[in-house]
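Colleague: If you want the building blocks of each chain, they are given just below.
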Amino acid sequence: MNSSKSLRNTFLVILLSLILSACATKKTTTKIEGQIQSDVYTGTDTVKYLADGVPDRVFFATNESILTTKSRDTLRKQANWLRENSSINVVVEGHADERGTREYNLALGERRANAAKDYLITYGISANRISVISYGKERPVDSGSNPLSWSKNRRSVTVKAN
Amino acid sequence: MIKFVKILTIIIILSTSKASSLIEIDITRGNLDPLPIAVSPLFQDEKSKNNSFDQIKIENIGLEIASVVENNLKTSGLFNPLSKEAFLQKPDIAHLKPRFEDWALIKAQALITGKVVIEEDKLKVEFRLWDILAAREMMALAFTTVPSNWRRVGHIISDKVYERLTGEKGYFDTRIIYVSEEGPKTQRVKKLAIMDQDGFNNKYLTLGNELVLTPRFNPTSQMVTYLSYFKNLPRVYLLDIETGTQEVVGDFPGMTFAPRFSPNGKKIIMSFAKDGNSDIYTMNLENRVVQRITNHPSIDTSPSYSPDNKYITFNSDRSGYQQIYVMKNDGTNVKRISFGNGLYGTPVWSPRGDLIAFTKLHKGKFYIGVMRTDGSGERLLTENYYQEAPSWSPNGRVLIFYRETKSNDEGEGFTAKLWSIDLTGYNERLVETETDASDPSWSSLLSN
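Residue numbers (our numbering), protein chains in the order written: chain S, 850 to 1011; chain U, 3 to 450.
Calculated pairs, DSS-like style, for lysine-lysine (alpha carbon to alpha carbon, straight line, at most 30 Å): (1) U:Lys276 / S:Lys897; (2) U:Lys193 / U:Lys269; (3) U:Lys233 / S:Lys1009; (4) U:Lys276 / S:Lys926; (5) U:Lys51 / U:Lys205; (6) U:Lys205 / U:Lys419; (7) S:Lys1009 / U:Lys276; (8) S:Lys897 / S:Lys1009; (9) U:Lys276 / S:Lys919; (10) U:Lys126 / U:Lys51; (11) U:Lys268 / U:Lys330; (12) S:Lys926 / S:Lys1009; (13) U:Lys59 / U:Lys124; (14) U:Lys233 / U:Lys269; (15) S:Lys919 / U:Lys365; (16) S:Lys897 / U:Lys233; (17) U:Lys419 / U:Lys367; (18) U:Lys59 / U:Lys76; (19) S:Lys897 / U:Lys408; (20) U:Lys126 / U:Lys86; (21) U:Lys193 / S:Lys1009.
A short list of chain S residues far from chain U (calculated; beta carbon distances all over 12 Å): (22) Ala900; (23) Lys926; (24) Ala928; (25) Arg932; (26) Glu933.
Simulated restraints on C-beta separations: (27) U:Pro186 / S:Asn929: 32 to 38 Å; (28) U:Phe341 / S:Arg932: 46 to 52 Å; (29) U:Asn410 / S:Lys897: 23 to 29 Å; (30) S:Ala1010 / U:Lys330: 39 to 45 Å; (31) U:Gly366 / S:Gln884: 18 to 24 Å; (32) S:Asp901 / U:Gly210: 34 to 40 Å.
No lab work stands behind these hints, which were simulated from the structure alone.
Cβ atoms here follow ideal geometry from the backbone N, Cα and C, with glycine treated the same way.
From just these sequences and the hints, can you work out the full model?
Modeller: The structure is reproduced here in structure tokens:
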């Protein structure tokens, strides 16, 4: 009984220290990079604007096409702007970083562009105003070979089509 | 090219020794002890030299053909061509009957001799392969073709010698189609290009106005399928290299990509992306019938047929990450075959049928490797910062792929180059190209 209890305590201590050390690593990476959170770029270096206060792009984690809270916020701004400018159509370009095989990245870019498109549709924009194109890893915006550059390249960009 | 193949006919087989020879090369292992071979310049008389110069602006075509052969044999890693400086016998005399002691003295185990005649727009070549230790002829062949075809004669001789000494078909009379790359990483200009397997006769097939990717040869003809962003609509195209005619493959309402021919050349298998999801489709080139092969909410791409057309290997992230799968050609019986650590992509079935080559990403490194078709026996051949997209030589002994270097924070230092490596993991080589290069695809043997 006692021994199993102490075993459990040891286990808890190990678990706790693992969690703490995990937090510690995360903190240091955040400190070093500053512009990446949970593998998603949060800076504004490469961002352009469709209109005042309407960023043109959202960023993704490695191999992911999930929209972050910030991305959804950006896309709602784009949806509002598209609603106010009903004559404008857009192309959503999907992009991947250079650390993946070319063909898979083409599919991944397509998935990212569609994630953004679907969100715009949810916010009332007609599907026929939005087309998508995937460039895979073919059109990086930052040519460095480091985690920060790659995070800027994992993106979908909304571009005016007319 | 098919015309060339027709013109180039093997007219006579002078003689072939049926007796088993002493020299043979085992190519199933890494060959660390390449066979010493002497390639004597092919003999050509003065009159023929003049004709040669008149017609193709090269005087000593015999010497040039010998260099093609020498270079091929050397890059295979299985042969060690000896320096011509050490040769004691004149080419014409050696071709009639070599003094075997002289060649044994310089440690040659095999000898290639030959004779070239150019007359009336015809190039006539004969060559012999000699076993020095057994002191006998192993093979003799003669060809007739047009003089401008002289490099191909060198490749065919190389294939014959390779086949005679290894027991397997060669891969020298082949071409590589690839993507030529120029300009900064953020504005890369890409063109389709084609060259002989040894890097000669390079030609650009597109101008670089639109992005082109992943060209692949039809194993049975001079057709190529590739991805083009013409008019910003990424679609799979078909290109006839001889006529230059191009057409879109099928009428898909979205991106089609990752094309490859079926081994009989009658179908194209590719991915089609609809509403963000990529599945695998085929199109029959004879009746244009489109068939959906996979139907899954994950990414399914990079399909490649088994040489008997019965199975398809492909790349999917249905398990959560990129892995390699095998299924029947109708899409049933899907089985995951990659279970090692890391991500797996670009599976491509060996022309011999027994192996699948792939790209693996693990802990920030990229590997080219092979596994059996049930996923067992994984073997990694080469590790690097970035490399992918292996393509098999037609005999299934060599893989060609592309490799990229890391750039600094300013984007400097980036290169993309073609490399080849033997199935054994030995003989890794840079394949030289005029520009940066990627996405290589190896043709079948043009002759034989």
